[in-house]
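J.: Here's the letter readout for the chains.
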Amino acid sequence: MAKKELKPSQIQAQIEAENAAALEALRKRREKEHRKMERSKGSNKQVGKSWKNDIGIFLFLTILGLFMILPIYIAIVTSLKPVNEIFIMPPRLYAMDPTFDNFKDLFVVANNSWVPFSRNVFNSVFVTVAATLFHVLFACTAGFILAKCRFPGCKAINKIIVIALLFNSQVTYIMQYIVMANLGMINTYAALIFPLIASTMGLYLMIQSVGQIPDAMIEAAKVDGASLMRICWGIVMPNSKPALMTIIIFQFQAAWNSNGGSLVYDEALKTIPTVVQQIAAAGMARQGAIAASAVVLMIPPLAIFIAAQSNVMETMAHAGMKD
Amino acid sequence: MAAETQKKEILLPNERKMSFKERWGYTWHEMKRNSMCYLMMLPFMIFFLFFTVIPVVMALPIGFTDFDMAHFPPKFVGLQNFYTMFLEDDVFIGSIRTTLIFAIFTGPLSYALSFFLAWLINELHPVLKTIFTLIFYAPSMAGNIYFVWQLIFSGDAYGYLNAVLNELGFTTAAIQWLTDANYLLGCVIVVQLWVSMGAGFLAMRAGFQGIDKAMYEAGAIEGISNRWQELIYITIPSMGPQLMFAAVMQIVSSFTVDLVGRSLAGFPSTDYKAHTIMTHAFDYGWIRYEMGYASAICFVLFLAMLLCNQLISKILGKYMN
Numbered sequence: 004m005a006k007k008e009l010k011p012s013q014i015q016a017q018i019e020a021e022n023a024a025a026l027e028a029l030r031k032r033r034e035k036e037h038r039k040m041e042r043s044k045g046s047n048k049q050v051g052k053s054w055k056n057d058i059g060i061f062l063f064l065t066i067l068g069l070f071m072i073l074p075i076y077i078a079i080v081t082s083l084k085p086v087n088e089i090f091i092m093p094p095r096l097y098a099m100d101p102t103f104d105n106f107k108d109l110f111v112v113a114n115n116s117w118v119p120f121s122r123n124v125f126n127s128v129f130v131t132v133a134a135t136l137f138h139v140l141f142a143c144t145a146g147f148i149l150a151k152c153r154f155p156g157c158k159a160i161n162k163i164i165v166i167a168l169l170f171n172s173q174v175t176y177i178m179q180y181i182v183m184a185n186l187g188m189i190n191t192y193a194a195l196i197f198p199l200i201a202s203t204m205g206l207y208l209m210i211q212s213v214g215q216i217p218d219a220m221i222e223a224a225k226v227d228g229a230s231l232m233r234i235c236w237g238i239v240m241p242n243s244k245p246a247l248m249t250i251i252i253f254q255f256q257a258a259w260n261s262n263g264g265s266l267v268y269d270e271a272l273k274t275i276p277t278v279v280q281q282i283a284a285a286g287m288a289r290q291g292a293i294a295a296s297a298v299v300l301m302i303p304p305l306a307i308f309i310a311a312q313s314n315v316m317e318t319m320a321h322a323g324m325k326d
Numbered sequence: 349m350a351a352e353t354q355k356k357e358i359l360l361p362n363e364r365k366m367s368f369k370e371r372w373g374y375t376w377h378e379m380k381r382n383s384m385c386y387l388m389m390l391p392f393m394i395f396f397l398f399f400t401v402i403p404v405v406m407a408l409p410i411g412f413t414d415f416d417m418a419h420f421p422p423k424f425v426g427l428q429n430f431y432t433m434f435l436e437d438d439v440f441i442g443s444i445r446t447t448l449i450f451a452i453f454t455g456p457l458s459y460a461l462s463f464f465l466a467w468l469i470n471e472l473h474p475v476l477k478t479i480f481t482l483i484f485y486a487p488s489m490a491g492n493i494y495f496v497w498q499l500i501f502s503g504d505a506y507g508y509l510n511a512v513l514n515e516l517g518f519t520t521a522a523i524q525w526l527t528d529a530n531y532l533l534g535c536v537i538v539v540q541l542w543v544s545m546g547a548g549f550l551a552m553r554a555g556f557q558g559i560d561k562a563m564y565e566a567g568a569i570e571g572i573s574n575r576w577q578e579l580i581y582i583t584i585p586s587m588g589p590q591l592m593f594a595a596v597m598q599i600v601s602s603f604t605v606d607l608v609g610r611s612l613a614g615f616p617s618t619d620y621k622a623h624t625i626m627t628h629a630f631d632y633g634w635i636r637y638e639m640g641y642a643s644a645i646c647f648v649l650f651l652a653m654l655l656c657n658q659l660i661s662k663i664l665g666k667y668m669n
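Chains as they are written, first to last, in my numbering: chain A, 4 to 326; chain B, 349 to 669.
Same shape as in the complex, but just chain B (with noise of 0.2 Å):
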């Protein structure tokens, strides 16, 4: 920040505005007394740009061209793909309801479900803490295990859930929780929960820790009379960064589903139940190789995402100094 200050102030000496000529030739000089720094950044910046900065950015222009990895160049069909896919392709528009739905579940419930158990896990003993925060975290960390759920909801007799259902007398014959298409996208949406607890519930935990213990005395003062209170006035405000670090995860896991979906529904599953926006790009991007229409559906979900990073940043913008 100083020297930022100072820069303004060789920038602008005598309030005078700088020429564009000017300008460019204090910027070039800039730049070239800061070359070190462009250097030292130059080895990530590479790889940056070439994997994640170009692929989204190519995402539009390759969304034009109807494109299948073999015929070069691609061919200019305009706005072709964006057409079919808002006006004739039903199973898209279906999968923007399940990637809502699977939105809705993961997205806020999980961010709530995270801050409430953070909270509490916070209120405890510090070896309890590091208990319990390892088996929240422990199944987003543990690569391919969600195919136990495969046994716990299996279809026939074998199934852990079917099971203890019939024991205790609920039900008398197996449900076939993965395909059919009452349950599916409830078990799927469970298994999706139960991954959820990643990065942001850690942000969020660490927030938590890192509360400065005079906030609650000096807000027992003033008359903060419970636990509610407390949270509202002291706790959330003094945690808008991790809030917002949290959002941000939560967007990416909740609105990128599909993975848990397709190996355990099954893919395609049983009436497109299971079936996200990511299933669908995935669909026509490695079975069908049309990566022109498989990169549009990706441009609309990145722009889905940004705005609403960009709303969630309004929401949470008053805690945020």
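The following block holds chain A by itself, in its conformation from the complex (with noise of 0.2 Å):
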């Protein structure tokens, strides 16, 4: 009754109204769902959202985790367990009387070897240095190449790059050492460190990284006439940090757990991987050494990685395949 009264301009303020009122409803929406977003900080889903579930994820998440992380724990545990408590039955997931014996008595038998322990360390820190530095010098340059420039031969290059990732040291190693015993190279630093500098996983991800970096910026540091070496160093790898970051720690774990096997032979070129595991070829009787000295060779990558994970998770964001 009262409709067929209204007047049209009466009508049309009645939907002015309606949709006024209908986009209020919307904005309200809007904030709630925006201030719901910011709440779930770091969250990147819209739908099926709640606390419930993000509880039940935390919950699987950490008995898995504790699955993950058990052996590392026992392995510290063990380290730091005196002789007595390491033949205790049934073994115990703590230690009642923690000492750093362990360590002490992997310094004593490591050092009663041919050669002092410290020259292993030394090898290690050594091998280590050298082969990660090399890798990222070469390993930079080539990918800014790569990556940038367009010369003959660049695609079949980038293409071999990306098969040679299947081919990893641990695939090539009777190949490598037919090579290296060719060159003259077994039982020398080199042998140590030449394959890690040839890592192409560090490469790869240096060329995926570098290929995000705009085209524009290089051509205008073309432009002024700087040479190809001085935009690489003094251009492109400033901005490139996370990928710099990410294949120093990756080299780095690569070169520190580098077992030199049967590329070296002499005792005084052995690194620690390599002298951990002779002493724990001693096997049970030694248990609480070998724990400890896993303890001792774990530190260090991981130290590494901690300080420099948002570097990786960056790098790895680019890592991806295109073809």
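Hints were generated in silico from the structure; no laboratory data involved. Incorrect hints may have been included.
Claimed, not checked - Using 25 Å as the maximum straight-line C-alpha spacing, the simulated BS3-like pairs for lysine-lysine come out as follows:
1. A/Lys10 / A/Lys35
2. A/Lys162 / B/Lys662
3. B/Lys369 / A/Lys158
4. A/Lys158 / B/Lys561
Work from the hints to combine the two standalone chains into their complex.
T.: Structure follows, in structure tokens:
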């Protein structure tokens, strides 16, 4: 009844009011959603998001995480147990009377071999530093060129690099040995360092990261007359620090854990992992010392990874393969 | 990309096909113009050539010979090595089976697990994200720490697993986890899974983090109503490149399983249960010094990895744009 009496202008006003109300409601809902999103900072999910889900995920990950961390925990506990506790039956998941005896023992045992342990430590540090330094220097320049320069053969080389990711040093170990034997490198530092420098993974990550840098930046530098070397180290590398950090970390891990194996047989050239393996060959009797060595070996890569974790995540975001 | 189109314009200024000589002249000119590029790549490429390319390429020719590192030149034996490998060497055939079992568990399974974990971790608060990423990545970073599993799976009552099972009353006698042919492979697979959350897992974590949030908002408006739909229609398609990278990493680690099995189950393991293709190559390369045969084994492994890689890029190819 009342509707009929309304004039067109009134209907218009009513519609406008309704629209305004709807818009207001929409705005409020958006705001609410926005606040909700703000609250759940760090998550990018919009649908089906609730704190119950989060708790569930957290519990699930914690249980799985405990399984992942348990062996590392056991290694640490074992390294802190005195000898009499190591042979308690059943084994305990904690040390009643923690001591650093095993760490001392490790050094004593290691020192009793043909060369002092300090020599092995020096070898490890030297190999790690040299392999990391040269790998980073070479992989950065080569990565920049392969990502940003067009020249005959660049596409082929890029393809080869992607395929070569499949053939890490573990698979090519035997063949590498034959090559190095022919080059007369067996039982030298070169045998430990050179294969590490050739790691494809670092180069690949560098190519992918440098690819993200806008071409205009490099063109501008070229116009200003900068040489390629200057562009690489003066402009591109300072802008790809995360990638730089990442390949340093990966290379450090690989070099630090690298085991001379068959490549060196001279005691004076062996690195810590090789020596630890020799000590571990003594079996259960040296359990404490083995655990101590594993803990000591684990600390440097772990510390470096924690320090630079955000850089790694940023680089890995560009690690994807496009074709 | 801009440089590339430019190059094409110069290459074909008027749709005319260049003669062979002209094309080489042009290429040579381009090479001279870009000589600085080659010079800057040179240091890495020398190492890459000697320690990756030559070793891989050499596997085939050496595979055709009988070579023991002491007698030069290697004796050419034609296809003898490959013939022996597939028709006479029962241990090798067994190792293919073991490698495939490993590949299935530590390949697709670990791949799916990495993806699933990365997805779950991504739902959490940034601080928790960092902590969980570290926890799952730590085992693959921590060098030789898998020796601890020897304590856990130890065959006597000092082993943690045996102790727990005994306490709970499931078993009355200690089980020889690492020497009993029934359990050995399973144990090594568990440890291999444990160390397998490496660079691929990190790439996936980063991939999730890099997805544009607006995509999910758009998806919600378009009618996506639950997380599974979100995963299938938004997340996976926007992570194609990371998924491919992780796949390559997974192929490498699952096809070259060797060291973990060798150090836990011993070498050789009971009934060759943990004897993979890599272990076989190690056996012939380092124990018997039959480098020719070891090279042939490596070559077959390379081929298998390449084929697997091609297959996966075909499957993931549709997500690549």
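J.: Now look at each hint and say whether the structure bears it out.
T.: Hint-by-hint comparison with the structure:
| no. | hint | in the structure |
| --- | --- | --- |
| 1 | A/Lys10 / A/Lys35 | violated (37 Å) |
| 2 | A/Lys162 / B/Lys662 | holds (16 Å) |
| 3 | B/Lys369 / A/Lys158 | holds (22 Å) |
| 4 | A/Lys158 / B/Lys561 | violated (34 Å) |
Of the numbered hints listed earlier, those contradicted by the structure are 1 and 4.
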